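Engineer: One letter stands for each residue in the lines below.
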Amino acid sequence: MNPTDPTARLPRRVVFKWMAAAAAAINLDGLPAFAGDPATGLPPLPAGTKGYGTDPKLMTSYAPGDVWPLTFTADQKRTVTALADLILPADDLGPAASELRVPDFIDEWISAPYPGQMKDRELIIPGLAWLEIESAVRFVAPFPTLTPAQQRAIIDDICSIKRATAAFEKPAFFFARFRGLASGAYYATQPGWKAIGYVGNLPQATFTGPPPEVLARLGLE
Amino acid sequence: MPIIPPSSAKPEYDVAIVGSGAGGGQMAMTLTLAGLKCVMLEAGRNYDPRSETPMFQRADQAPLLGTSTPDKVFGFYDATVDGGWQVPGEPYTQASDKFDQQFLWWRARMLGGRTNHWGRISLRNGPYDFKPRSRDGLGFDWPIAYEDVEPYYTKVEQLIGVYGTNEGMENTPDSPPGVLLPAPKGRAAELLIQKHAKKVGVPVIPIHRAVLTQRLDADNVPQKLFPGNAWAQKIVADSMNARAACFWATSCGRGCSTGANYQSTTVHLPPALATGNLDIITNAHAREVLVTAAGKAAGILFIDKTTGKEERVKAKAVVLAASSGETVRLLLNSKSAQFPNGLANSCGLVGRYIMDTVGTRVTGQIPLLENLPPHNEDGAGGDHLYSPWWLYQQQHAGKLGFARGYHIELGGSRGMPGGGDPLPDDLANGTYGSAYKLAARRYYGSFVSMACRGEMIPNDNSFAEIDPTVKDAWGIPVLRWHWLWSENELKMADHAEKTFADIIEAMGGTVRRSGTRLGIGIEQGGKIIHEVGGALMGSDPKTSVCNKWNQCWDVPNLFLSDGTPFPSNADKNPTLTIMALAWRAGDYLVEQARAGKL
Ligand SMILES: Cc1cc2nc3c(=O)[nH]c(=O)nc-3n(C[C@H](O)[C@H](O)[C@H](O)COP(=O)(O)OP(=O)(O)OC[C@H]3O[C@@H](n4cnc5c(N)ncnc54)[C@H](O)[C@@H]3O)c2cc1C
Ligand code: SF4
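Protein sequence lines, in the order shown, are assigned to chains H and P.
The opening residue of the first sequence carries number 168 in the numbering used here; numbering runs sequentially from there.
The opening residue of the second sequence carries number 351 in the numbering used here; numbering runs sequentially from there.
Don't take each hint at face value.
30 Å max Cα-Cα, derived BS3-like pairs, lysine-lysine [said to hold, decoys possible]: (1) P:Lys848 - H:Lys329; (2) H:Lys286 - P:Lys877; (3) H:Lys217 - P:Lys655; (4) P:Lys535 - H:Lys361.
Calculated from the structure, these hints are not laboratory results.
In this text the structure is predicted, and so the values were computed from the model without any measurement.
Excised from the complex, chain H in its bound form (with noise of 0.2 Å):
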């Protein structure tokens, strides 16, 4: 199910109103799709999209949407954003998800045409259009402009599977792989490293060992 593309030309107002009488309807659990069906409307990749193939050039740098086109409308970009940088938000470790390009990557992987990203697809769409819905019928208004408590309500409900209740449990699977992959690229940056920890990829002339605190902290003076 995707409520922005069929509805792109009507007032906001009345998609919201439409959404929350299709969300009521179907009662949010059984979210059919969920279940990675092609009859629920998940958009296809566009014919002919390749992957890398098995001897790509790795001297050059990527950027997603250069070996395949990306998949997610402004809409969707939109909620992405939002979800992204209420996980990663700015703070003392770094600065915000979107601020390192982590929508892009989600988009990225969403539209690459290997099997397990093609699985990821299946969960990464269909959860954000669940999220929008859950928000047009919580607070009558999309994701994105939520104010944070409003976002936090529904985040506290799919933060967690083992803690979700059975109405919210396949939100949260979404949620899951949804962080899983934004941190993942998060991480994968250079401010990423700063706020993971990471220190390395320079040369080094020597290589000493762990620092006199770490060994003291291990016990392995």
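Knowing the structure of chain H, use the given hints to seat chain P with the ligands on it.
Structural biologist: Positioned in the frame of chain H, the structure of chain P with the ligands alone reads:
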């Protein structure tokens, strides 16, 4: 690297070599430095690590953050080109539809083969490892002993550069003084494992890896390797001088553009080419060994993959080093009136007794390693410490319930983030926002893993044969695999998993994942990519394919210089032994050639 097209090949060579990996590379170097004219056929494309290695590229500069895909199984930046568990146009088949009876066949298709991305772990077989049957009645003895191979282990270590220490442990040979390069210090997780493994009785010592922790001594080593041959010494010295020392950053699996680790393309092939005695033809897929009416090898029939045409090179002797599976395939596909069952196969054993390594793994989370002050642990781009097999005595006393040993490859997780999810859902524990970022930082580097690499005993049910119907893109019949682990290997894997759990608990940690994803307690056959065997060496032509010089009994001018002649597959990773035996066989081949016996 200078490569010739098939049309520029000489009318005849002294030796034709198939494959450019560890075995083919060493053989080419030994032969060309002795003055023999050689041609090397490589099925993959030309590959130049100096210009093609993505040394400092970050995950965020690669498609899909550099993570694994079916096109690049070990990640985008991995050195492997055109290779993997499947190679387009080159299928292989399985006799069984049960996954635990299948063999996963990793193939590299590039100049240098698998040596461009291998783990560089370079362990000598010990004295027991050459005489396993004499010790426990299982498998086969080698027709040679440790003493026969020792000088060549030393030479190979001096040539390629191997770091490590001499610990004087049982069946874990020391190298002569001054041969090994200094071992790097342990990383935090490795040192912590070392400390706590001791409580469980498991010794942890520096591993041996083919990485230059300092530059090779080009002023002195070449004289030792090629005494009396000033020309060879000069070539080898130049080649050594072209290799830098490791700069303690980047992953060796991508290859090394400065030649600081061993790959055939930076260590073996440049000096071999510098002799002027080597022609290399790439994209040349060998199909058959040509034979004379008298039953001697005469050259190679190959497919030029750039044109799809069949071509031939002629030679007075032939060396196969295409990896166990491919060498077996070549022999079995080389059928003729004199050799109706395939070449060198009068004993019927070609393809039999292929072995891999017993693999399983346990990962753990260690609270002590949480929130460590950030520090650089890139190190030598691979393992620094390991545990050699330590229970020889208990095993000898019959206390273990399985034969043969395993070593432990161990490590932490403070490496460059590679685009994967850094924090499992249960540890993320429902957090998002700054709390999540703090958790990611807390747990980063707190995971350890221990992998079992153990000896498989050859058995009648693990072999390769020609599939009667399936052919590859060039119409060449493909291999069909048969596989079965025996109880011995399964028990060894159980023992390893229990030991690893004990070590993790001794560290105050918790086991996160134990065993393989298959649920059969052992990795699938082939998964560890230590494929050896298939053309055993022995002392009797009726029960072995080649003699102690890697020379085929049936065809004296045909040599096998990859892992095919291995009668056993010790837990020591095979490549150093492949190279040592290739050098030894090369010296013998040169003597035979000089004596006019080929
Ligand atoms: C991920 C990984 C990690 C590893 N780590 C270690 C390690 O740490 N220590 C260790 O000892 N070993 C390790 N190995 C194994 C090691 O790579 C091999 O043992 C070694 O490369 C074997 O050398 P080889 O020359 O026999 O075969 P290869 O290196 O595979 O070379 C064979 C070459 O022959 C070519 N060829 C094949 N068929 C044909 C044909 N018909 N015609 C022409 N050419 C052909 C291939 O394209 C290839 O280039 C590892 C392997 C992998 C994949
Ligand atoms: S760690 Fe050292 S040897 Fe390995 S790739 Fe980097 S520089 Fe080369």
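Engineer: Would you mind confirming whether the straight-line C-alpha gap from lysine 848 (chain P) to lysine 329 (chain H) stays at or under 30 Å?
Structural biologist: With a Cα-Cα distance of about 28 Å, the restraint between lysine 848 (chain P) and lysine 329 (chain H) holds, given a limit of 30 Å.
Engineer: Take the C-alpha atoms of lysine 535 (chain P) and lysine 361 (chain H), compute the straight-line distance between them, and say whether it is at most 30 Å.
Structural biologist: It holds: about 24 Å lies between the C-alpha atoms, which stays within 30 Å.
Engineer: Lysine 286 (chain H) and lysine 877 (chain P) were given as a pair; does the straight-line alpha-carbon distance stay at or below 30 Å?
Structural biologist: With Cα atoms ~24 Å apart, lysine 286 (chain H) and lysine 877 (chain P) stay inside 30 Å; holds.
Engineer: Does the alpha-carbon distance linking lysine 217 (chain H) and lysine 655 (chain P) stay inside the 30 Å limit?
Structural biologist: holds, 23 Å
The earlier numbered hints are all upheld by this structure, with none contradicted.
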